[in-house]
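So you can see what is in the structure, the chains are spelled out below.
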Amino acid sequence: MNKATISAFIAGLIFSVGLLLSGMANPEKVLGFLDLFGAWDPSLALVMGGAIAVGLPAFTIARKRERAVLGGPVHLPGNRKLDRRLLLGSLVFGIGWGLAGFCPGPGIVATGALEPGGLVFVLAMLAGMFVFRLLNSRTS
Amino acid sequence: MNIDWNAFTPLSALAGGVLIGLASGWLILMNGRIAGISGILGGLMNNGHDTQGNRGWQLAFILGLLTGPAIWGLFYALPLIEIHASYPVLITAGLLVGIGTRYASGCTSGHGVCGLSRLSPRSLAATMTFMLGGFTTVYIVRHLLGG
Numbered sequence: 030m031n032k033a034t035i036s037a038f039i040a041g042l043i044f045s046v047g048l049l050l051s052g053m054a055n056p057e058k059v060l061g062f063l064d065l066f067g068a069w070d071p072s073l074a075l076v077m078g079g080a081i082a083v084g085l086p087a088f089t090i091a092r093k094r095e096r097a098v099l100g101g102p103v104h105l106p107g108n109r110k111l112d113r114r115l116l117l118g119s120l121v122f123g124i125g126w127g128l129a130g131f132c133p134g135p136g137i138v139a140t141g142a143l144e145p146g147g148l149v150f151v152l153a154m155l156a157g158m159f160v161f162r163l164l165n166s167r168t169s
Numbered sequence: 092m093n094i095d096w097n098a099f100t101p102l103s104a105l106a107g108g109v110l111i112g113l114a115s116g117w118l119i120l121m122n123g124r125i126a127g128i129s130g131i132l133g134g135l136m137n138n139g140h141d142t143q144g145n146r147g148w149q150l151a152f153i154l155g156l157l158t159g160p161a162i163w164g165l166f167y168a169l170p171l172i173e174i175h176a177s178y179p180v181l182i183t184a185g186l187l188v189g190i191g192t193r194y195a196s197g198c199t200s201g202h203g204v205c206g207l208s209r210l211s212p213r214s215l216a217a218t219m220t221f222m223l224g225g226f227t228t229v230y231i232v233r234h235l236l237g238g
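Protein chains in written order, with the working numbering: chain A, 30 to 169; chain B, 92 to 238.
No false leads were mixed into what you were given.
Here are some chain B residues pointing at chain A (derived, C-beta under 8 Å):
#  : residue
1  : 94
2  : 105
3  : 107
4  : 109
5  : 125
6  : 157
7  : 158
8  : 180
9  : 189
10 : 204
11 : 208
12 : 213
13 : 220
Don't read these hints as lab results, they were simulated from the structure.
Glycine included, C-beta positions come from ideal geometry on N, C-alpha and C.
Working from the sequences, and respecting the hints, build out all of it.
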């Protein structure tokens, strides 16, 4: 196992603990945030705020570097297009998010917490990604 | 708008958010990679032959996400994970999240956290769109259908 693998594992672990601590891993909490017109729980806006407050300086430094600390290149997305794929895809994702209160990370964390509902969601999500792969390879 | 002050947990939300930001910052600075969970899962699916050598760090990151609750459980009781959706709803939601995030090339982590931290207009558009989708869906389900 090399350093990059261990480093990515640590990042995943910290991410997971962050999701658990913040309440993002709890679908009912997420739905409480998305319920803007009901009894609204604004907590998750602070999750985003806290994450960006730390992420902003980190990505600002990363943008100025050509190499990561462990030696590999810094991969930053170069796509700047605001196209139909981006907007329709995000809308479909948002509908799914609002139905169950799960986005990808929390689904995986709930699976790790041995919640059967989390596993069901993740398996369906992987199936959805597979469907995308099939459709995408046909059109491109 | 009617704020549910009893449910509001500003400190743990902020602290958890800071950890999420730290993890994303760690991955970009140490590994030079974006902590976008849908992108990582999609990458693992495409890397049948792993020509770029991405499988190692991608699997390790997902393994870290999966292990988090067990490590947490060594020290404290796990926080509540309340899943009220039925299996058919969870399956429908999962399919939509899987297809949508791959078409959009990102989800809450890749666009919402990393993209906004990079001040990417594309990620801002994605984030506003999936938030709109989420708000609208919950409004329809909870207030129009009365679920």
